[in-house]
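There are 2 protein chains.
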Amino acid sequence: MAANSLDMSESLSEWRPAVDREIERVLPRELSADYLRSFFGEGRYEYDPDAIEDALSTPVWDLLDRGGKRWRAVVFLMLVEGFGADPEELLPYAVVPEILHNGTIIVDDVEDGAERRRGEEAVHHRYGQDIALNAGNALYFIPLKIVERNPADLDPETRLAVYEMLTYELNRTHLGQGMDIRWHNSDEVAITEGEYMEMCACKTGCLGRIVGRLAAIVTDQPDDVEAELAAFMETVCIAFQIADDILDVEHSLDRAGDFGKAVGNDVKEGKKTLIAVHAVRNAAPEDAARLQEILAADDTTDAEALAAIEVMEETGSVEYARERAIALVEEARDHLDDVPLTEDVAAELAAFAEYVVERDV
Amino acid sequence: MAANSLDMSESLSEWRPAVDREIERVLPRELSADYLRSFFGEGRYEYDPDAIEDALSTPVWDLLDRGGKRWRAVVFLMLVEGFGADPEELLPYAVVPEILHNGTIIVDDVEDGAERRRGEEAVHHRYGQDIALNAGNALYFIPLKIVERNPADLDPETRLAVYEMLTYELNRTHLGQGMDIRWHNSDEVAITEGEYMEMCACKTGCLGRIVGRLAAIVTDQPDDVEAELAAFMETVCIAFQIADDILDVEHSLDRAGDFGKAVGNDVKEGKKTLIAVHAVRNAAPEDAARLQEILAADDTTDAEALAAIEVMEETGSVEYARERAIALVEEARDHLDDVPLTEDVAAELAAFAEYVVERDV
Chain X
1 MAANSLDMSE SLSEWRPAVD REIERVLPRE LSADYLRSFF GEGRYEYDPD AIEDALSTPV
61 WDLLDRGGKR WRAVVFLMLV EGFGADPEEL LPYAVVPEIL HNGTIIVDDV EDGAERRRGE
121 EAVHHRYGQD IALNAGNALY FIPLKIVERN PADLDPETRL AVYEMLTYEL NRTHLGQGMD
181 IRWHNSDEVA ITEGEYMEMC ACKTGCLGRI VGRLAAIVTD QPDDVEAELA AFMETVCIAF
241 QIADDILDVE HSLDRAGDFG KAVGNDVKEG KKTLIAVHAV RNAAPEDAAR LQEILAADDT
301 TDAEALAAIE VMEETGSVEY ARERAIALVE EARDHLDDVP LTEDVAAELA AFAEYVVERD
361 V
Chain C
1 MAANSLDMSE SLSEWRPAVD REIERVLPRE LSADYLRSFF GEGRYEYDPD AIEDALSTPV
61 WDLLDRGGKR WRAVVFLMLV EGFGADPEEL LPYAVVPEIL HNGTIIVDDV EDGAERRRGE
121 EAVHHRYGQD IALNAGNALY FIPLKIVERN PADLDPETRL AVYEMLTYEL NRTHLGQGMD
181 IRWHNSDEVA ITEGEYMEMC ACKTGCLGRI VGRLAAIVTD QPDDVEAELA AFMETVCIAF
241 QIADDILDVE HSLDRAGDFG KAVGNDVKEG KKTLIAVHAV RNAAPEDAAR LQEILAADDT
301 TDAEALAAIE VMEETGSVEY ARERAIALVE EARDHLDDVP LTEDVAAELA AFAEYVVERD
361 V
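So the sequence lines, in the order shown, correspond to chains X and C.
The letter at position 164 of the first sequence is residue 164 when you use UniProt numbering, and the numbering goes up by one with no holes.
The letter at position 342 of the second sequence is residue 342 when you use UniProt numbering, and the numbering goes up by one with no holes.
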């Protein structure tokens with residue numbers, strides 16, 4: 001396992017500079033009128049490149065320079081290579097899911113009222129909400145522009161397939177975010193596990209599906225291969241989300257003794273995680289009621305958050321979520337069985353899936 | 001003129017119910033799991049239709065039911081009819097620019113910190129910023145979904161052309177909004193008239209261009225006809241924006257005696273309108289400096305706003321803007337010369353262009 005996960009991190013560090021150079025070709029750090037005319041179209045009067053640089057390039061590169069593994073781009077490139085195509089030639093498409101992902105981060109942080117991102121203040125805190133939202137939304141449409149500019153000279157049917165795929169997935173992304181926000185704003189945890197899983201599939205899974213489907217489409221794979229890859233990526237992303245929820249609980253237990261460390265962030269935010277959903281449905285009635293109450297409260301002390309986590313532990317909900325995540329990784333790997341990838345790449349992807357849930361869990 | 005403008009309002013009231021029924025087919029007021037599965041895709045687990053209805057349909061229909069003329073849809077239908085095609089058959093495409101427009105309204109109101117919209121509280125004030133933003137962004141992608149669902153059985157090349165057109169225009173929309181926000185946040189008015197016009201062309205013009213280009217593409221017009229129609233719509237929209245800026249000044253002068261009425265909203269917000277740009281560049285140095293100072297101030301009294309407007313009047317900037325708007329309408333009508341529309345529709349569109357700047361001006 002360790003050796004396999006290492007493979008993925010080698011791919012990540014190997015490709016990352018090229019991925020960033022490609023993003024920089026699409027959205028340079030410094031914008032000129034010539035670039036704007038050639039990339040976005042002539043325009044009828046006169047662009048103000050300085051204003052657009054301040055409104056777009058500066059906040060976006062501030063975020064990108066803070067880190068992020070660019071794994072969506074790198075998995076795309078691995079897949080392309082695994083199908084025997086040339087990753088260098090298809091590099092312009094690798095940045096499509098990466099740019100989309102960073103757009104959702106900026107917008108989600110405004111929606112969630114997040115304070116921090118990647119160790120610094122959230123983009124909307126640094127540049128203002130108006131600049132952040134417009135930049136985040138611009139990152140939703142720049143990837144479509146990449147398809148329109150047709151860098152690898154794809155035929156029209158392939159480009160149409162890319163547009164239709166992005167349309168399908170980006171619509172579902174907003175359904176997932178809508179469910180999550182609506183539940184978040186509601187006091188009661190009345191959702192089913194199936195609804196929670198669908199929210200993850202839409203909100204987190206769709207961006208993963210884009211990675212898989214895009215790699216399949218631009219290398220001209222048959223529909224069933226595209227569908228299996230989409231299912232692989234979706235399943236890995238759901239497992240990732242559940243693993244993230246588990247981490248929040250585990251860290252809270254580790255930190256319970258450390259004064260001043262954040263404890264039970266998800267509980268305090270009232271997040272309806274798989275763990276919370278399971279615990280509310282399976283705890284003893286008085287424990288479930290207490291848990292609902294803590295999740296619904298606007299101000300939650302560390303002691304209350306820990307009491308909620310204790311109910312989750314005692315109900316076996318953390319263990320249940322862990323088993324569910326591990327089963328999803330198994331399921332994900334099964335989807336790779338009929339995908340005709342080179343052996344190396346198939347192994348690396350299987351390791352990637354496992355790594356996702358094994359992080360610190 | 002009166003008779004001609006009446007024609008347009010007849011078209012508006014004639015088509016509006018059908019346009020709203022079509023929007024309702026795309027996004028019903030009440031959402032069921034069946035609708036979600038058939039419109040957005042099966043999903044892997046289980047949708048929560050109630051949550052998605054609360055997060056999406058309810059805020060969007062609240063906004064739509066407040067009014068709006070749906071002129072983007074109606075002009076599209078007029079154009080389609082003018083090209084000899086069947087507006088009933090192409091009705092599903094008429095709602096594409098209308099849905100996009102309402103998405104931009106919701107998002108722009110968050111970005112601008114607007115309090116009110118169409119006589120009621122802004123959507124983000126009523127439903128929360130998170131719900132509003134997600135709903136607004138969903139309205140950016142639902143129109144692409146209409147193309148994917150292919151209601152009028154368009155051939156693949158036509159659908160690809162629609163996607164590429166939308167990609168082109170929606171990218172430029174965000175450049176325009178970026179310039180506007182950046183200028184708005186800056187104290188100095190250092191922009192040129194050309195930059196102001198480009199901002200309007202991008203921010204307001206692109207949605208108009210979508211109306212014209214979409215009508216040309218789905219009725220299979222040659223490229224030059226599509227370009228002329230795009231220029232017609234873009235030019236009308238820029239004239240509309242300038243007329244709007246003039247209205248704000250005129251209303252302020254009318255209301256100067258009425259205690260408690262809003263005066264000089266644009267001046268108070270520090271908006272860089274064509275009038276402001278012209279006045280800063282052409283007023284006597286001390287007047288220009290005073291105007292800049294008032295535009296840059298965070299709190300502006302009615303007296304200060306009126307002083308600023310007086311500088312604009314004295315510099316001839318309001319008159320200049322009015323002449324510019326009238327010239328743009330002329331220019332717009334010229335673009336219709338080579339567009340092969342039926343005589344009736346051509347006359348109605350020319351009247352529409354004139355109506356735009358003649359409202360109360």
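Worth double-checking, as some hints may not be accurate.
[Claimed, not checked] Chain X stretches covered by chain C per the calculated footprint, using a threshold of three residues with CB under 8 Å from any CB of chain C: (1) 8 to 14; (2) 67 to 73; (3) 304 to 316.
[Stated by the list, open to error] Some residues of chain C that are not near chain X, with every Cβ distance over 12 Å (derived): (4) R44; (5) E46; (6) G67; (7) E89; (8) D130; (9) I131; (10) R149; (11) E354.
[Said to hold, decoys possible] Distance windows between CB atoms, simulated: (12) C/D153 / X/E88: 36 to 44 Å; (13) X/R29 / C/S186: 18 to 26 Å; (14) C/R66 / X/E250: 32 to 40 Å; (15) X/E293 / C/D86: 53 to 61 Å; (16) X/A152 / C/E319: 25 to 33 Å; (17) C/E89 / X/S13: 53 to 61 Å; (18) X/L247 / C/S32: 30 to 38 Å; (19) C/D153 / X/A289: 53 to 61 Å; (20) X/R66 / C/D338: 31 to 39 Å; (21) X/R118 / C/A33: 32 to 40 Å.
In short, the hints are calculated from the structure, not lab data.
For each residue, glycine too, the CB sits at the ideal point set by N, CA and C.
query = Which of the listed hints are broken here?
reply = Hints 1, 2, 3, 4, 5, 8, 9, 10, 14, 16 and 20 contradicted; others consistent.
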